[in-house]
Amino acid sequence: MNLSKHQSEEMKMDMTPMIDVVFLLIIFFMLITDMTQQDLEVLTLPKAKTAVADEPDPKEFRPVINIRQTGVMVAKRETIFSPATDGSKDDEKDLMGYLVNTSSLMKTDFFDKEKKTGVQIPDDFLLIRADRFTPFHYVQRVMTDCGNTDVQIWKIQLAAGTEAKEKPTEN
Amino acid sequence: MSILQDIASEEAELEMTPMIDVTFLLLIFFMCTIKFKTLEGKLAAYLPKDVGVNASDAEPMEKIDIYIRMEKPGHKVLSKPYETTKEEFPWNSIEDGEFFLVGHEVKYQVIRDTFKDDKDGLDKIRRKLADLHRADPERAVTLKPMQGVVYADIIPILDTVIEVGFTDVTFAGSYGQ
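Residue numbers (this note's numbering), protein chains in the order written: chain A, 1 to 171; chain B, 1 to 177.
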């Protein structure tokens, strides 16, 4: 008789500890996820001593162009330039479009800051990130297009890895 | 009376299944999008502003020209054998594989003197640039990369120029030159 009673009982799993753990995991990931890093491709950067730490303000507009070893340029996770591999023309239409759009979103200032007259040109930095073995002419390609009359970006930043700071030695 | 009693005695149960579903979806989203913060910095430089449509009538200033010329192109060595990467990423071609450049060499020409791209060469450049900076801290520096140089050839010289104290650093030269 007792055995039949046990069989009729419904098995219930206590979900509370699992939900607790899952919530803790979500809180952990929410805290450590930095959305400003989403535009950055995985690249091996050369190191520099004087590189200023890259700490972007999430509220501020920050244009970034990533250039892979092959010369493929990626901005906001979209390919904007693909170099030709078979001797034909580079696929570049999106690069100019990206730069024109970026330039229009940048803060502007007068070309001659002292006179405060004349043409206003973009006054923000464009961050260029390239792999250490990326041929530099691809970076120059971006620089050349920056000088286009529809773009006129003249401030650039080149990304570099920061070297670990040495501890001061005691004398 | 009996109906009311029944309602009162019923236990209020919260349906947890949709909440757990949403929670798991959120967890999967965060786990997929996570990217750990990397130690990264940036070096500021400028492009020529006084050319093209905005050309100004400013007095020409004597600039320090630094040419970066390739001496040896080096050869590409895949960081992983192509067969290994082909197993991992079958859609990648051999050109997509990450590579190292072995035997790649450049030379830096600061005004008329030429230096190697090793530590000793960069130290000599640093000393020469420091002398030039002492003589005129406002002087502009122009980096002129020639064909065949890679990104890692530019960063050490730009780093040295900024380390010495020059603030007006410009790039010259264009794609394909």
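Honestly, the hints are just simulated from the structure, not real lab data. Treat each hint with caution, since some may be false.
[What the hints assert, rightly or not] Restricting the straight-line Cα-Cα distance to at most 30 Å, the calculated cross-link-like pairs of lysine-lysine (DSSO-like) are:
1) K59(A) with K72(B)
2) K119(B) with K76(B)
3) K49(A) with K72(B)
4) K128(B) with K76(B)
[Stated by the list, open to error] Not everything, but these chain A residues come out facing chain B in the computed CB check (under 7 Å):
5) L24
6) L25
7) I27
8) T79
Keep in mind it's a predicted model, so treat the numbers as computed, not measured. Backbone N, C-alpha and C fix where the C-beta goes; we use that ideal spot for every residue, glycine too.
Pair hint K49(A) and K72(B), alpha-carbon separation not exceeding 30 Å: 26 Å, holds
Pair hint outcome, K59(A) versus K72(B) [Cα-Cα no greater than 30 Å]: Violated, because 45 Å separates the two Cα atoms, which is more than 30 Å.
Chain B contact restraint for L25(A) - C-beta distance below 7 Å: OK, holds: L25(A) within 7 Å of chain B, min 6 Å.
L24(A) as an interface hint toward chain B, with CB separation required under 7 Å: Since chain B brings no Cβ nearer than about 10 Å to L24(A), farther than 7 Å, the hint is violated.
Hint check, T79(A) versus chain B [nearest Cβ-Cβ separation less than 7 Å]: 13 Å, violated
Satisfaction of the I27(A) interface hint, Cβ to chain B closer than 7 Å: Violated: closest Cβ of chain B sits about 10 Å from I27(A), beyond 7 Å.
Proposed proximity, K76(B) with K119(B) (alpha carbon, max 30 Å): Holds, at roughly 23 Å.
Given pair status - K76(B), K128(B), alpha carbons within 30 Å: 33 Å, violated
This entry does not satisfy hints 1, 4, 5, 7, 8, going by the numbered hints stated previously.
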